[in-house]
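A.B. asks: Residue numbers (the working numbering), protein chains in the order written: chain A, 2 to 116; chain B, 586 to 696.
Simulated from the structure, these hints should not be mistaken for laboratory data.
Derived CB-CB ranges, DEER-like: (1) A/Leu-71 to B/Pro-696: 43 to 53 Å; (2) B/Asp-601 to A/Lys-16: 41 to 51 Å; (3) B/Gly-600 to A/Gly-41: 21 to 31 Å; (4) A/Lys-63 to B/Gln-665: 37 to 47 Å; (5) A/Pro-19 to B/Met-640: 48 to 58 Å; (6) B/Met-638 to A/Leu-85: 39 to 49 Å.
Covered by chain A, per the in silico footprint, the following chain B stretches (three or more residues, Cβ under 8 Å): (7) 629-640; (8) 672-683; (9) 687-694.
Given the structure is predicted, the values throughout are model-derived calculations rather than measurements.
By construction, the Cβ of each residue, glycine as well, lies at the ideal position given by its N, Cα and C atoms.
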Amino acid sequence: EAGVVQSPRYKIIEKKQPVAFWCNPISGHNTLYWYRQNLGQGPELLIRYENEEAVDDSQLPKDRFSAERLKGVDSTLKIQPAELGDSAVYLCASSLGETGAYEQYFGPGTRLTVT
Amino acid sequence: GEDVEQSLFLSVREGDSSVINCTYTDSSSTYLYWYKQEPGAGLQLLTYIFSNMDMKQDQRLTVLLNKKDKHLSLRIADTQTGDSAIYFCAPRRDSSYKLIFGSGTRLLVRP
Numbered sequence: 002e003a004g005v006v007q008s009p010r011y012k013i014i015e016k017k018q019p020v021a022f023w024c025n026p027i028s029g030h031n032t033l034y035w036y037r038q039n040l041g042q043g044p045e046l047l048i049r050y051e052n053e054e055a056v057d058d059s060q061l062p063k064d065r066f067s068a069e070r071l072k073g074v075d076s077t078l079k080i081q082p083a084e085l086g087d088s089a090v091y092l093c094a095s096s097l098g099e100t101g102a103y104e105q106y107f108g109p110g111t112r113l114t115v116t
Numbered sequence: 586g587e588d589v590e591q592s593l594f595l596s597v598r599e600g601d602s603s604v605i606n607c608t609y610t611d612s613s614s615t616y617l618y619w620y621k622q623e624p625g626a627g628l629q630l631l632t633y634i635f636s637n638m639d640m641k642q643d644q645r646l647t648v649l650l651n652k653k654d655k656h657l658s659l660r661i662a663d664t665q666t667g668d669s670a671i672y673f674c675a676p677r678r679d680s681s682y683k684l685i686f687g688s689g690t691r692l693l694v695r696p
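Hey, can you work out the whole structure from these sequences and the hints?
C.D. replies: And the structure:
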């Protein structure tokens, strides 16, 4: 079974430029998460989707970040414009659901460097 | 303060047991997970424990949970060089289903 797929793996951009990250979750997983991992720290949740609906976006900086999950499968996370402090690894995860011990499975991440 | 705390670094000799400790603050976490992260990679789910359990064993991994003290530990038996990585404990907050991560413990296995 294929795992969570993310692209690109690496991205280097100049500040004020836009950037987008793509995620394809494990087949059949209804719940999708975007996390940000700063250097030397654990991941922090940015947004959680249940099918197409963003059910928790309280940690998403909405002035510059946006996300979508059309048709409840793939998802895109966008930053516009990027700032130096956005340099981090952006991780996508998916799970079957929320109740029970539905484990979250992570993709390899996109490492963003803003110069 | 920190929701999840772990010691930053642990060094063990190959073949020895490793014990990685974690304390957390949210007593409502029904599920608590352990993840492994190798350099440049995503997080690999290792195991999890349900909060009404004291212990769970999964091959070389043993998870101990002291719910009263909000203390979780991961024991790796017969530690191998391939176990060198960063280990995160992550309680799942029941109110939001969000995993709460600390800064992780870097495990170094010496030959």
